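Each chain, written out:
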Amino acid sequence: MDIFLTLIINGLSEGALIFLMASGLSIICGLMGVVNFSHGTLFIWGGYTFVWIYKMTNSFVLGILVAVISVFLLGIIFERFFVNKVYGNAPAQILITLGLQIIFTDLVRLFWGATPIAVGRPAYLAGTTIIGGVTIVHYRIFLIVVGLIVAFAVGYILNNSKAGMVIRAGVQRPDMVQALGINIKLYFTLVFAAGAALAGLGGALYAPLVGNVVSTAGAYNQILAFIVVVIGGLGNFVGTAKGCIFLGIMGSFVAWFAPPLAVVANVGLMAVVLALKPEGLFGTAVKK
Amino acid sequence: MKTLGKDIDRRGSIALIVLFIILLIVPKFSSYTSLNLFTRIYILSVYAMSYDILRGYTGFINLGHAAFFGGGAYIGGILFKQLQPTFPVFLLAIIVTVIYSSLGAYLMGKISLRKGGSVLTATMITLALGEIVRNTAEKWRSVTNGADGLTFEIPGFFQNRFAYYYVALIFLVVMAIALRKFIMSPAGRVLLAIRENEQRVEFLGYNVEKYKLISLQVAAIAGGLAGIMFGIFNRFANTELLSTNQTINALLYTLVGGTGTLYGGIVGSTVVNLFQNFLLNLRHIHPIFERWLIFSGALYVVVVLFMPKGIVGLWLQYFENKTRKKRKVLELEKSSSKQSV
Chain V
4 MDIFLTLIIN
14 GLSEGALIFL
24 MASGLSIICG
34 LMGVVNFSHG
44 TLFIWGGYTF
54 VWIYKMTNSF
64 VLGILVAVIS
74 VFLLGIIFER
84 FFVNKVYGNA
94 PAQILITLGL
104 QIIFTDLVRL
114 FWGATPIAVG
124 RPAYLAGTTI
134 IGGVTIVHYR
144 IFLIVVGLIV
154 AFAVGYILNN
164 SKAGMVIRAG
174 VQRPDMVQAL
184 GINIKLYFTL
194 VFAAGAALAG
204 LGGALYAPLV
214 GNVVSTAGAY
224 NQILAFIVVV
234 IGGLGNFVGT
244 AKGCIFLGIM
254 GSFVAWFAPP
264 LAVVANVGLM
274 AVVLALKPEG
284 LFGTAVKK
Chain D
914 MKTLGKDIDR
924 RGSIALIVLF
934 IILLIVPKFS
944 SYTSLNLFTR
954 IYILSVYAMS
964 YDILRGYTGF
974 INLGHAAFFG
984 GGAYIGGILF
994 KQLQPTFPVF
1004 LLAIIVTVIY
1014 SSLGAYLMGK
1024 ISLRKGGSVL
1034 TATMITLALG
1044 EIVRNTAEKW
1054 RSVTNGADGL
1064 TFEIPGFFQN
1074 RFAYYYVALI
1084 FLVVMAIALR
1094 KFIMSPAGRV
1104 LLAIRENEQR
1114 VEFLGYNVEK
1124 YKLISLQVAA
1134 IAGGLAGIMF
1144 GIFNRFANTE
1154 LLSTNQTINA
1164 LLYTLVGGTG
1174 TLYGGIVGST
1184 VVNLFQNFLL
1194 NLRHIHPIFE
1204 RWLIFSGALY
1214 VVVVLFMPKG
1224 IVGLWLQYFE
1234 NKTRKKRKVL
1244 ELEKSSSKQS
1254 V
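The listed protein sequences correspond, in order, to chains V and D. The opening position of the first sequence corresponds to residue 4 in the numbering used here, with each subsequent residue numbered one higher. The opening position of the second sequence corresponds to residue 914 in the numbering used here, with each subsequent residue numbered one higher.
No lab work stands behind these hints, which were simulated from the structure alone. Quantities reported herein were computed from a predicted structural model and do not represent experimental measurements. Careful, some of the hints might be misleading.
[Claimed, not checked] Among the chain D residues that face chain V by a calculated CB cut under 7 Å, a handful are:
#1 Ala1041
#2 Arg1204
#3 Val1217
[Claimed, not checked] Per label pair, the in silico range of CB-to-CB distance:
#4 V:Ile6 with D:Phe1000: 50 to 58 Å
#5 V:Gly214 with D:Pro1001: 47 to 55 Å
#6 V:Ile139 with D:Gly1062: 37 to 45 Å
#7 V:Leu65 with D:Leu1187: 46 to 54 Å
#8 V:Phe114 with D:Leu1187: 27 to 35 Å
#9 V:Gly214 with D:Arg1113: 51 to 59 Å
#10 V:Ala117 with D:Leu996: 31 to 39 Å
Every residue, glycine too, gets a C-beta built ideally from N, C-alpha and C.
Pulled out of the complex, with its shape left as it was, chain D reads as follows (with noise of 0.2 Å):
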């Protein structure tokens, strides 16, 4: 399957300039509500292209990821509300949550992508782990405020909703760009051989482990970063943002994007997003529609049954098809003249 072109194309990179550039006007025209839902979707797709560095390129299913996500949002808020909302703390945040992220994510490869493990034992140890850092924080009261959940002041800059929007805006063009190289780089590149045929990429020489654990890290940073950006928009963090919930949110988001392909994971948490606030404005209608969890777990299941390859993917597969037919067509024109001469 194609993942990634080699470069944008010329008309690929136009219309994302145009998007671009409309969705810096649109704060201009659009609701405070609407403005909100922007911010969150532009961050939450940070988070799940994160996840899908991991499940997507080397078919790893972690199911302990909010730990980084939920980490960096108690990190942001903890340093806030210990030290002062400033931006310098913000700073300190980001290199606290860097160090935390990548060392957790060395401990949490270490134990769970041993050799001869199967996908069972690691996704259960993933889980373990998310499960051991979300008690700890429930039970961590003077620090972490337990269940109630922790509320903290953000520097003065980012409580301006309109300077956040455009703050997402560039976390998500800068992450995209930076994940995006992370792939197109020889590491990364070893980490798509080691999806399609993990056993050659061994007999090639590589160390598949050291590389899985290269883009759990890189995965958990990313997740981290983007964890620190939503305490900041919720000026909140709680347990649920560290609880296997969080996680599944990210699964969500990739599946139906299309696992392995990076931006459907933008793709993914735009619709998900949308739809889910979509079925909330329903609720004036039925009840019923108040029950997001319902819709979402179904969204799970209709996807895995019909749409294994999300969005993006059947996006592709459609364009493969598609030049692939071109090609048959010339081949066939060129041996037809061929005959004639």
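Bound conformation, chain V alone (with noise of 0.2 Å):
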């Protein structure tokens, strides 16, 4: 019993973590009709700066604030220059976001190296509690709390606030919205960024969390957040909350159980879900 509520932990933490890079993603791919194969780029670039500045400064929350809003930036060079040339052409983008890719991840290494950089995590999250048999990481519980912070706020904004009227209107309609006097471009330009800044905070929390950051991790993760995406049904974010705790669980669960299914059970996953039901399973919530 107690390795079942272990393992669900630890799965509800991993489903937290993919869903920081996920969100980004459902934002840029589901609502803008994006298709990013940057995003993983995104992630590590978030990952190596909070580690860069943690290591310098040593304070985490410096650390984090600094891989966002550098993240978020980037975002913007990505969206103002590259990807807006290729609205609505989905092979461009893939084409176009997968040069990207290519440049920023191999300019990681540039920098940074191909070797890991090790990074602990700092002491207030670094314990550890035992209830009854239940080993329970701190870190963990922050993470999940994180994700449940950032899913409420991004559904808020998305459902409620009249910025997310406009971005909901705008993919529907951005010649509509742009005769309404709305600058429809410079939405989508921040909303861009801000899923490349979740994408930042999901790579500076996953460092301490595995203990290192390394330049292969974002392809990785990002195959993982695409998954999750398209499991959860384009454009729907609650969808994708659902699948990151379900990829989550089920990923903590196969790992302890049946270890060398470990890397194929996710894409298996995709793929079955996929072939028998392409919108998702919790179905799309944008139609074009």
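Hints given; two lone chains; assemble the complex.
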């Protein structure tokens, strides 16, 4: 029984982490319809910037802040100069973001090297508590809390605020929204950058969990994020969140009971879901 | 857009024959390294063309194509290692690769080419299947030697680099002719039509899914054969050959050369490999030139933004404009002469 609780906590925290990555992708890919293959790069840029600042200043909070802000700026650059040239053209989007992914991943290797850089957790999040045989890692609880906060904040902004309304309207009829005197291009840039910033946050929080940061982590987590977005249903933010929990818990159980299948399980799950139910387990929100 | 002429005209065929003869003589005068470079380009050209059959003619982005290329290399390697490095085993490897590729492509197509699926879902499925193959190869240590890669002996005839240059050249010519025949065949024509207007082809009563599946299988078999040749060339196969990066290389070749032109694959792989080689030679000047990936990524972005038709596409467009202008001038002359009479 204890092992089940531990696995569920582990799974939930993995899910929260995937969620931070996938929520940005869900907004960019599902709402704006941009197939963003550079998301993994934004993720590791967040991770490396965090590690760099954290090692320099020894401040966890500052590291996270700088990581999020720098990746936000990177997102603005990506959108302004590259992605907005290819709106509505999915193959070109895939190609151009793949190109950005290759360049910026290799730039990371150029600046920080290809070998993993070890990083610890801050003292106030490092401990573990054992309650009746269940080991609770504090950092994992912290991840679950952050994931919940982000989920509710993004959900609230999308569904209840004026900005969210403009975004949802802009995705359906950009020309109409523009005609109402709203600068939809600026909104799109900011939405893309916000999605990027979420990826950066995910990268920054990922590094202390696994204990190091390495340039190949981006591609791996990007595949996970895509799996979740596709399973959850394109543009369906709640579906993405459910997909993350599902994938996280499944991942931790598979890793415990059938380790050789751990890598194939996620990808296999996506292939099965797409083959049988192409609109995702929870349905798409945006019909085009 | 014009893609391929009905027949190559006389001037074009003479130029091709001259080029072929030059390539036949080249090894006499070139160094060992450039010989290897050329051999590599020939094999990768076939790989690029195989990718173009799919991407250029049906618009389908397959991110798992390396599963066939690497699969071919692994099948060749495993058979040479388990049985013996002789010519009959090489033929056996070809047969096994053809079976593996067509079965794999059938499976991949059945899952990803479903009606109503978007470009994104199809792309993601192919990416997922490619990853499954790569992970399987990495985990199946007893046969594939895992992440360390598989080294193997090759048949004696192929060991001579000089001879292998010709083998690769003939391989390229044969595959180019075969793939061209495929594109010119009735099935290939339907593929062209699908690219131009999928809905209309469907209304005309063609089974679009079936034709896409055929093109996927042809592409997979050609890719697998190129994989065997590449494996023999390196005498080594590792999981890198199965990875998404390898697929992305093929994508880059066809992009630079021009998608949907078939020969664009040859041009693209030549240009990209020569460029890569040129940059690697510059590494004495500054170590940044060793980071080939940065430049290849930049090439991607530049080509997509400014040159979406690629080199061959631009070339064809230039000629199309020229003949159109000529025709216009002729028509003007005709009408003016009529008026004067």
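Now for the hints, and whether the structure bears them out:
Among the interface hints, the one on D:Ala1041 holds; its C-beta lies about 4 Å from the nearest C-beta in chain V, closer than the 7 Å criterion. A hinted interface residue such as D:Arg1204 counts as satisfied when its beta carbon comes closer than 7 Å to some beta carbon of chain V; here the least separation is about 6 Å, so the hint holds. Taken as an interface hint, D:Val1217 checks out: its beta carbon lies about 5 Å from the nearest beta carbon of chain V, inside 7 Å. Between V:Ile6 and D:Phe1000 the beta carbons are some 56 Å apart, a value that agrees with the proposed interval 50 to 58 Å.
One distance hint, 47 to 55 Å for the beta-carbon pair V:Gly214 and D:Pro1001, holds here, with the actual separation near 52 Å. Between V:Ile139 and D:Gly1062 the Cβ separation comes to about 42 Å, which falls inside the hinted range of 37 to 45 Å. At roughly 47 Å, the beta-carbon separation of V:Leu65 and D:Leu1187 lies within the given 46 to 54 Å, and the hint holds. In this structure, V:Phe114 and D:Leu1187 meet the distance hint of 27 to 35 Å, their C-beta atoms being roughly 29 Å apart.
Under the hint 51 to 59 Å, the C-beta atoms of V:Gly214 and D:Arg1113, about 57 Å apart, fit the expected range. Range check, V:Ala117 to D:Leu996: about 37 Å between beta-carbon atoms, so the 31 to 39 Å window is met.
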